[in-house]
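**Student:** So the protein sequences, as listed, match chains F and R.
Add 659 to the 1-based position in the first sequence for the working numbering, that's all there is to it.
Add 10 to the 1-based position in the second sequence for the working numbering, that's all there is to it.
Please keep in mind that the hints were generated in silico from the structure rather than gathered at the bench.
Ideal Cβ placement from N, Cα and C applies to all residues, glycine included.
Among these hints, one or two may not hold up.
Stretch by stretch, here's where chain F covers chain R in the computed footprint (C-beta under 8 Å, at least three residues) [to be verified]:
(1) 19-30
(2) 77-86
(3) 98-105
(4) 159-169
Beyond 12 Å from chain R on every Cβ pair, some chain F residues (computed) [what the hints assert, rightly or not]:
(5) K691
(6) D701
(7) N704
(8) F705
(9) S708
(10) S709
(11) K712
(12) Y717
(13) E718
(14) E738
Covered, in the sense of this in silico footprint (three residues per stretch, anywhere, with C-beta under 8 Å from a C-beta of chain R), are these stretches of chain F [to be verified]:
(15) 661-674
(16) 724-730
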Amino acid sequence: MHEFTVVLNLLKILDKICEEKKAERVLNINIKINPYSCLDEDNLNFVFSSMSKGKKIYEGAKINVKKGKDPLMREIIVENIEIEVKNGN
Amino acid sequence: MEIKVIKVGASVFEENEKIAEEVKKFLKSRGIISFNFMGSPGSGKTTILERTVSLLKENYRIGVIEGDIAGSYDAKKFEKFKIPVVQINTGGACHLDANMVKSGIENLPVKDLEVIFVENVGNLVCPAEFEIGTGINIVVVSVVEGDDKPKKYPLMFKISDICIVNKIDILEFSDFNPEKFNERVLSVNDKIKIFNLSAKTGKNFNQWIDFVKNSVKR
């Protein structure tokens with residue numbers, strides 16, 4: 660239900676990294692969530708594509724959700740992202 | 011073009027967690043015991059709080075933070091008790107977050123308080139995913155909701171310290187099986203403490219009140 664909040668914060672994190680790393684495009688975003696979390700991967704991707712519309716760098720990016728082992732973990736961790744950069748960057 | 015994998019390791023709710031930690035520290039430094047009431051709409055969170063406040067207000071200094079998507083209907087119910095109440099409207103959000111609770115606390119006369127009750131937005135899903143900095147997490151379930159809830163919303167039961175089963179006065183009119191329910195709750199969280207009561211009639215309510223009293227150190 661709060662995918663909007665999640666994606667809003669996620670975009671803030673991604674914007675910062677992409678600028679630092681001079682990313683041309685984001686391909687994959689790998690996140691880890693609580694094993695009991697109700698967040699849904701399809702839903703997250705839908706919200707992400709709606710909220711990042713118009714930003715070329717995120718076009719076609721895919722959020723992959725992995726469920727962690729710790730049932731008390733309440734965070735949503737961005738483990739890593741796969742980006743495309745110009746050669747030499 | 012080349013493809014790179016960038017290690018991130020950042021938490022999406024980092025800001026929320028930071029504020030929740032601040033809230034927690036602040037309450038601890040003042041010796042304030044705080045409770046976060048979660049549960050479905052209509053499970054009886056407000057009614058439990060009303061009865062609790064009415065029984066404790068003479069001897070304890072209590073503040074209440076009411077979280078709702080809209081309106082101040084719940085906060086108004088506490089006016090009769092003449093205790094400080096803050097209504098937070100989430101403006102559509104399905105849960106309270108730490109920042110909302112922080113501003114709620116800032117609007118309470120904290121130096122005069124020993125106990126703060128926070129009533130979260132009625133919802134068994136989202137409030138469980140947001141740390142708000144309060145001490146004791148409570149999930150309220152009423153018997154009419156059915157005994158399958160721990161199986162369907164495990165995270166809520168996992169992160170709760172207390173489970174209050176409310177409306178036991180109408181148990182006979184429902185299909186709720188208390189034994190099955192307890193078994194299901196404990197299979198998700200074996201440390202949870204369960205209270206069976208009726209906030210409307212007051213049945214078994216003293217057990218809960220004793221628990222609150224014991225939680226408040228003096």
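**Student:** Next step is simple, just say for each hint if it's right about the structure.
**Tutor:** Hints, verified against the model:
no.: 1; hint: 19-30; verdict: holds (count 8)
no.: 2; hint: 77-86; verdict: violated (count 0)
no.: 3; hint: 98-105; verdict: holds (count 3)
no.: 4; hint: 159-169; verdict: holds (count 5)
no.: 5; hint: K691; verdict: 10 Å, violated
no.: 6; hint: D701; verdict: 16 Å, holds
no.: 7; hint: N704; verdict: 15 Å, holds
no.: 8; hint: F705; verdict: 17 Å, holds
no.: 9; hint: S708; verdict: 17 Å, holds
no.: 10; hint: S709; verdict: 17 Å, holds
no.: 11; hint: K712; verdict: 20 Å, holds
no.: 12; hint: Y717; verdict: 15 Å, holds
no.: 13; hint: E718; verdict: 14 Å, holds
no.: 14; hint: E738; verdict: 6 Å, violated
no.: 15; hint: 661-674; verdict: holds (count 6)
no.: 16; hint: 724-730; verdict: violated (count 1)
Of the numbered hints listed earlier, those contradicted by the structure are 2, 5, 14 and 16.
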